[in-house]
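Chemist: Top line first, the protein sequences correspond to chains A and B.
With the working numbering applied, the first sequence covers 1 to 368.
With the working numbering applied, the second sequence covers 1 to 368.
Certain hints may be false.
Claimed, not checked - Here are a few chain B residues that face chain A, going by a calculated C-beta distance under 10 Å:
#1 F241
#2 L242
#3 N248
#4 I251
#5 S254
#6 P262
#7 E270
#8 R281
#9 M296
#10 Q299
#11 A301
#12 E363
#13 I366
If you're looking for bench data, these hints aren't it; they were derived computationally from the structure.
Note that the coordinates shown come from a computational prediction; the quantities given were computed from them, not determined experimentally.
From the three backbone atoms N, C-alpha and C, an ideal C-beta is built for every residue, glycine too.
2 protein chains.
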Amino acid sequence: MAPTKVGIIGLSASGWAPAAHLPYLLRSPAYEITAICNSSVASSQAAIEKYSLPSSTKAYGDPEDIAKDASVDLVVCAVRVDRHLATISPSLKAGKDVFVEWPLGASLTEARELLRLKNEGGVKRAIVGLQARQAPIIKAVKSLVRSGRVGKVLSSTWTGYAVNGGESVDQSLEHMGRREVGANLVSIHFGHAFDYVQFGYGFQTPPKTLLANRRPFVKMLDHNGRTVEEVHRKTSDDTIFLHGTLSNDSIPVSFALRGGMPFPSTPGLEWRIYGEEGEVRVTAAGIFLQIGYADMKIQVAKFGGVVEEVQVKGDEFDAEGYGLVSKNVGRIYRCLERGEREGLCGFDDAVQRHELIDEMYRENGIEV
Amino acid sequence: MAPTKVGIIGLSASGWAPAAHLPYLLRSPAYEITAICNSSVASSQAAIEKYSLPSSTKAYGDPEDIAKDASVDLVVCAVRVDRHLATISPSLKAGKDVFVEWPLGASLTEARELLRLKNEGGVKRAIVGLQARQAPIIKAVKSLVRSGRVGKVLSSTWTGYAVNGGESVDQSLEHMGRREVGANLVSIHFGHAFDYVQFGYGFQTPPKTLLANRRPFVKMLDHNGRTVEEVHRKTSDDTIFLHGTLSNDSIPVSFALRGGMPFPSTPGLEWRIYGEEGEVRVTAAGIFLQIGYADMKIQVAKFGGVVEEVQVKGDEFDAEGYGLVSKNVGRIYRCLERGEREGLCGFDDAVQRHELIDEMYRENGIEV
Numbered sequence: 001m002a003p004t005k006v007g008i009i010g011l012s013a014s015g016w017a018p019a020a021h022l023p024y025l026l027r028s029p030a031y032e033i034t035a036i037c038n039s040s041v042a043s044s045q046a047a048i049e050k051y052s053l054p055s056s057t058k059a060y061g062d063p064e065d066i067a068k069d070a071s072v073d074l075v076v077c078a079v080r081v082d083r084h085l086a087t088i089s090p091s092l093k094a095g096k097d098v099f100v101e102w103p104l105g106a107s108l109t110e111a112r113e114l115l116r117l118k119n120e121g122g123v124k125r126a127i128v129g130l131q132a133r134q135a136p137i138i139k140a141v142k143s144l145v146r147s148g149r150v151g152k153v154l155s156s157t158w159t160g161y162a163v164n165g166g167e168s169v170d171q172s173l174e175h176m177g178r179r180e181v182g183a184n185l186v187s188i189h190f191g192h193a194f195d196y197v198q199f200g201y202g203f204q205t206p207p208k209t210l211l212a213n214r215r216p217f218v219k220m221l222d223h224n225g226r227t228v229e230e231v232h233r234k235t236s237d238d239t240i241f242l243h244g245t246l247s248n249d250s251i252p253v254s255f256a257l258r259g260g261m262p263f264p265s266t267p268g269l270e271w272r273i274y275g276e277e278g279e280v281r282v283t284a285a286g287i288f289l290q291i292g293y294a295d296m297k298i299q300v301a302k303f304g305g306v307v308e309e310v311q312v313k314g315d316e317f318d319a320e321g322y323g324l325v326s327k328n329v330g331r332i333y334r335c336l337e338r339g340e341r342e343g344l345c346g347f348d349d350a351v352q353r354h355e356l357i358d359e360m361y362r363e364n365g366i367e368v
Numbered sequence: 001m002a003p004t005k006v007g008i009i010g011l012s013a014s015g016w017a018p019a020a021h022l023p024y025l026l027r028s029p030a031y032e033i034t035a036i037c038n039s040s041v042a043s044s045q046a047a048i049e050k051y052s053l054p055s056s057t058k059a060y061g062d063p064e065d066i067a068k069d070a071s072v073d074l075v076v077c078a079v080r081v082d083r084h085l086a087t088i089s090p091s092l093k094a095g096k097d098v099f100v101e102w103p104l105g106a107s108l109t110e111a112r113e114l115l116r117l118k119n120e121g122g123v124k125r126a127i128v129g130l131q132a133r134q135a136p137i138i139k140a141v142k143s144l145v146r147s148g149r150v151g152k153v154l155s156s157t158w159t160g161y162a163v164n165g166g167e168s169v170d171q172s173l174e175h176m177g178r179r180e181v182g183a184n185l186v187s188i189h190f191g192h193a194f195d196y197v198q199f200g201y202g203f204q205t206p207p208k209t210l211l212a213n214r215r216p217f218v219k220m221l222d223h224n225g226r227t228v229e230e231v232h233r234k235t236s237d238d239t240i241f242l243h244g245t246l247s248n249d250s251i252p253v254s255f256a257l258r259g260g261m262p263f264p265s266t267p268g269l270e271w272r273i274y275g276e277e278g279e280v281r282v283t284a285a286g287i288f289l290q291i292g293y294a295d296m297k298i299q300v301a302k303f304g305g306v307v308e309e310v311q312v313k314g315d316e317f318d319a320e321g322y323g324l325v326s327k328n329v330g331r332i333y334r335c336l337e338r339g340e341r342e343g344l345c346g347f348d349d350a351v352q353r354h355e356l357i358d359e360m361y362r363e364n365g366i367e368v
């Protein structure tokens with residue numbers, strides 16, 4: 001079969017796109033990068049050279065051009081969320097397949113508009129990068145729980161600490177402090193965790209939530225850790241508490257997430273799944289199980305029994321030395337090439353996740 | 001000054017009253033036990049003999065008799081909560097001082113009725129045994145936070161596991177499984193914890209809560225661990241999640257409590273108080289800080305700094321070898337004899353705590 005021809009919107013000189021998307025796309029014979037669309041043709045040309053892409057790769061500066069290009073089958077969008085709508089709308093209208101990072105839009109309104117455009121454009125595959133569904137650790141937890149090893153699930157408690165949202169902010173992440181950008185602790189940190197904790201189930205009724213911006217002013221640092229702004233205004237929330245019951249057997253779920261580093265020498269994430277006959281405990285350095293950490297661990301304790309550590313089975317992404325951030329994104333590309341739907345998040349599904357976030361804001365009296 | 005003459009309602013052959021109330025009452029010259037009122041005169045007489053009380057001690061079987069006895073100044077009530085109303089009403093009507101264990105009543109209605117009787121009777125001192133307020137560890141956490149060592153408080157998260165409410169129930173605690181008795185995980189476990197986590201502040205608006213009885217059937221065991229009933233019906237809740245903001249500076253507070261033992265080798269309680277400049281971490285084998293544990297610990301981490309353990313200063317109760325359960329109850333008696341009000345819970349205050357519990361039930365569609 002001919003490789004899928006990929007056009008990437010937003011292949012920066014560093015950051016997420018090259019680290020997470022390029023490794024599998026460059027190695028897999030199932031994909032061929034045929035176009036890059038950055039903020040200017042010159043910037044796209046620079047990326048083509050930097051990543052040694054073939055000289056035939058098209059360099060665009062306007063999302064309309066990638067939408068018109070017949071040599072692009074799949075548009076990958078890795079720009080900041082507040083530019084998703086503008087950059088992928090033309091491709092959706094042109095009926096092209098799209099793989100866009102989570103969150104889908106900067107707001108529920110934008111996410112719904114993108115879903116509408118996708119449906120109108122008759123797009124066959126439009127997916128959103130909630131890649132925790134591909135993470136072997138999540139699959140292992142899921143299968144462990146479904147195997148009945150801890151009996152019927154009675155509750156799930158999730159406590160996590162984010163590196164972001166603490167006493168200072170790196171200049172390159174300044175936008176995460178502006179609620180209206182839509183890329184913050186609520187949409188990204190909570191959004192990804194919420195997706196994997198739910199195990200694919202929704203909530204019976206909207207969960208009850210508490211959002212607070214407890215550090216409205218933070219210190220802004222440059223990449224060398226030097227202060228560039230002593231008192232920088234932040235409008236996004238750094239404290240997110242939630243509880244609700246899953247539509248799957250009314251399982252009570254509790255979340256407590258705060259910005260800032262965890263207490264020294266304690267896990268950045270502690271996730272318990274308590275069952276009639278035992279408990280699962282997942283710990284990691286942080287909450288991003290959708291990416292993963294070197295030290296993450298699944299333990300199971302049966303009542304009155306010993307604690308066992310559960311080994312997560314590796315696959316070719318582990319064997320072939322992919323970096324952490326590229327593994328689960330790579331696994332999404334592999335699903336796409338195999339035509340698998342399980343473990344992929346469509347636009348409908350993403351809109352439902354946006355609806356919860358919107359509901360959280362409204363419940364807390366926040367206008368977005 | 002003449003000692004305060006104490007009448008005890010409910011001095012059982014074992015359990016809470018002899019372990020928690022007797023030690024200080026017997027050692028302190030400020031108190032003299034003059035009467036016992038158990039379910040029968042014979043049972044009171046047996047207790048008087050068992051605990052070697054003076055032969056002059058009155059033995060009663062009817063709460064009306066203790067209410068009428070002019071040689072009783074202070075009535076101590078340590079019977080099961082669903083008998084508080086019946087056993088202390090006569091003494092309140094007679095205007096006697098009362099020290100009754102928490103919860104005040106089996107329901108909000110009962111608690112309000114007791115407050116009304118106390119006011120009508122013109123009772124000078126009517127207090128409720130929420131003794132966490134006397135616990136040195138709580139005072140140490142409070143003074144640590146108030147000293148500003150971690151800066152302005154940004155949030156507090158409390159995660160705890162109860163020994164009760166798990167896969168089996170001891171026959172002697174069977175009543176804790178019946179919601180209508182009013183002595184259960186919501187009123188006792190959550191009630192005490194809620195009191196110390198609040199630090200004496202109320203919630204700005206009613207907190208949002210989730211209650212669930214996830215083990216409606218449990219195994220009942222005798223005191224030798226033998227099964228006496230394979231499938232015993234339980235109506236009280238074993239899963240309690242809450243979040244809200246304290247009236248003190250809008251501090252977001254998250255609680256997650258579930259019945260049953262903690263995951264092996266992890267603390268039964270983990271309480272974090274996160275501040276602008278650092279974090280306090282309190283850990284213990286269980287959640288009953290109002291009683292305490294041998295291994296409980298307060299740690300403080302300043303950002304970028306080392307973790308320090310905070311030593312809790314001992315007092316004469318520690319020096320004089322009181323048992324854990326008698327220390328904070330003893331400290332309440334010491335407050336009473338010194339005429340101190342700080343750290344004592346009055347009936348008004350207790351009714352407010354009952355109001356929250358009632359609100360929790362209503363919020364979760366539970367009739368009590």
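Chemist: Does each hint hold? Answer for all of them.
Modeler: Going down the list of hints, with the structure as the test:
no.	hint	verdict
1	F241	4 Å, holds
2	L242	8 Å, holds
3	N248	13 Å, violated
4	I251	8 Å, holds
5	S254	4 Å, holds
6	P262	9 Å, holds
7	E270	8 Å, holds
8	R281	5 Å, holds
9	M296	16 Å, violated
10	Q299	8 Å, holds
11	A301	5 Å, holds
12	E363	9 Å, holds
13	I366	14 Å, violated
The structure fails hints 3, 9 and 13 (numbered hints given earlier, in ascending order).
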